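With the hints as your guide, set chain B onto chain A.
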Amino acid sequence: MAGLSNIYVAEALHRAHILPTVLAGTLVTSKGKPRPALEDLAGAVRQVLADAIRAGGSTLRDFRNTEGGNGYFQHNFAVYDREGVLCATPLCSGTVERIVQSGRLTFFCLLCQEKP
Amino acid sequence: MPELPEVETVCRGLQPWLKGTRIDNVTLNRPNLRFPFPARLAADLAGNAIISVGCRAKYLHRLLALCRARYRQVAALLRNGHAAQARSSCHGHRSSRPWQEPSDLCRSASGLSTSMIIWPIVLNLLELGLEPLSNDFNSVQIASKFAGKKTLIKSALLH
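First to last, the sequence lines map onto chains A and B.
Position in the first sequence (from 1) plus 1324 gives the number in the working numbering.
Position in the second sequence (from 1) plus 235 gives the number in the working numbering.
So here's chain A without its partners, still in its complex pose (with noise of 0.2 Å):
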């Protein structure tokens, strides 16, 4: 996918309920259509973009905008950033866990995101 980084796969991932160990294969069918949880998940892609652009993007660092101004998406991180926190999805009493995957942080939720 093109321009997806650490920060929004994280929250595409939990968005969606899945796990980040899961297998890519796993989400389509021996006959190449897509599961249910990649149905989600490319909703879910979509949906974290617009509103990280609505939000003027993430301010982690020294990103500005050209008006000088910080992004504001950061504060609606679910997952990102935030282990140990509470999960953000409602009934959910799981917290934030972090892993090392190919050398990147991940963030998740071992209770609601799950393998398809």
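Calculated from the structure, these hints are not laboratory results.
Errors might be hidden in some of the hints.
[Stated by the list, open to error] Calculated cross-link-like contacts (lysine-lysine; reagent style BS3-like; alpha-carbon spacing at most 27 Å):
#	chain 1	residue 1	chain 2	residue 2
1	B	385	A	1357
2	A	1439	B	254
3	A	1355	B	385
4	B	384	A	1439
5	A	1439	A	1357
6	B	380	A	1439
7	B	254	A	1355
8	A	1439	A	1355
9	A	1357	B	254
10	A	1355	B	380
11	A	1355	B	384
On a predicted model such as this, the values are computed, not experimentally measured, just so you know.
What follows is chain B alone, placed relative to chain A:
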């Protein structure tokens, strides 16, 4: 590093200031930035108008109208995406005169100064993969990319 939403934000901010402006002349201070500059690039760019400002993934591009060829000036916002100073540099010039040269943007925006890349349009930005904000981005298209993949879902989404 600014990613798609940040680049889209910068793009929307720059659009009213860049679109329709004209490049009077171009000075290349080195032969390449990541890739060698095309021959006659400076001459080809001079005198042309910026007809659109857009994004492809995390790349900001300006589409230039050219007689013999078309180039996209691609700015990879590699550092912090600063463009506030770029706007101020053209503030007040928009209606009275066009920018003197595109490097006004390079010089004044520290975040862009080392990352301005000019690629010929033959460098196909479509090769960057599925554009998440395009109409082509849907579960069927993603399934065709993911089928049989044994890589982690996160890695598959990042590439």
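Results of checking the hints against the structure:
1. In summary, the hint linking residue 385 of chain B to residue 1357 of chain A is supported, as the alpha carbons are separated by about 16 Å, within the 27 Å threshold.
2. Taking the CA atoms of residue 1439 of chain A and residue 254 of chain B, the gap is near 47 Å; set against the 27 Å cutoff, the hint is violated.
3. Restraint check for residue 1355 of chain A and residue 385 of chain B: satisfied, since their Cα atoms lie roughly 16 Å apart, inside the 27 Å limit.
4. Restraint check for residue 384 of chain B and residue 1439 of chain A: satisfied, since their Cα atoms lie roughly 15 Å apart, inside the 27 Å limit.
5. Distance check on the hinted pair: residue 1439 of chain A and residue 1357 of chain A sit about 17 Å apart at the alpha-carbon level, within 27 Å; holds.
6. Simply put, residue 380 of chain B and residue 1439 of chain A have alpha-carbon atoms about 19 Å apart, close enough for the 27 Å limit, and the pair holds.
7. A C-alpha spacing of about 46 Å is found between residue 254 of chain B and residue 1355 of chain A, which places the hinted pair above 27 Å, so the restraint is violated.
8. Restraint check: the Cα-Cα separation between residue 1439 of chain A and residue 1355 of chain A comes to about 19 Å, which is no more than 27 Å; the hinted pair holds.
9. The hinted pair formed by residue 1357 of chain A and residue 254 of chain B fails the criterion: a straight-line CA distance of about 42 Å is larger than 27 Å.
10. In summary, the hint linking residue 1355 of chain A to residue 380 of chain B is supported, as the alpha carbons are separated by about 13 Å, within the 27 Å threshold.
11. At roughly 14 Å between alpha-carbon atoms, residue 1355 of chain A and residue 384 of chain B fall within 27 Å of each other, so this suggested pair holds.
Against the hints set out earlier in the document, violations occur for numbers 2, 7, 9.
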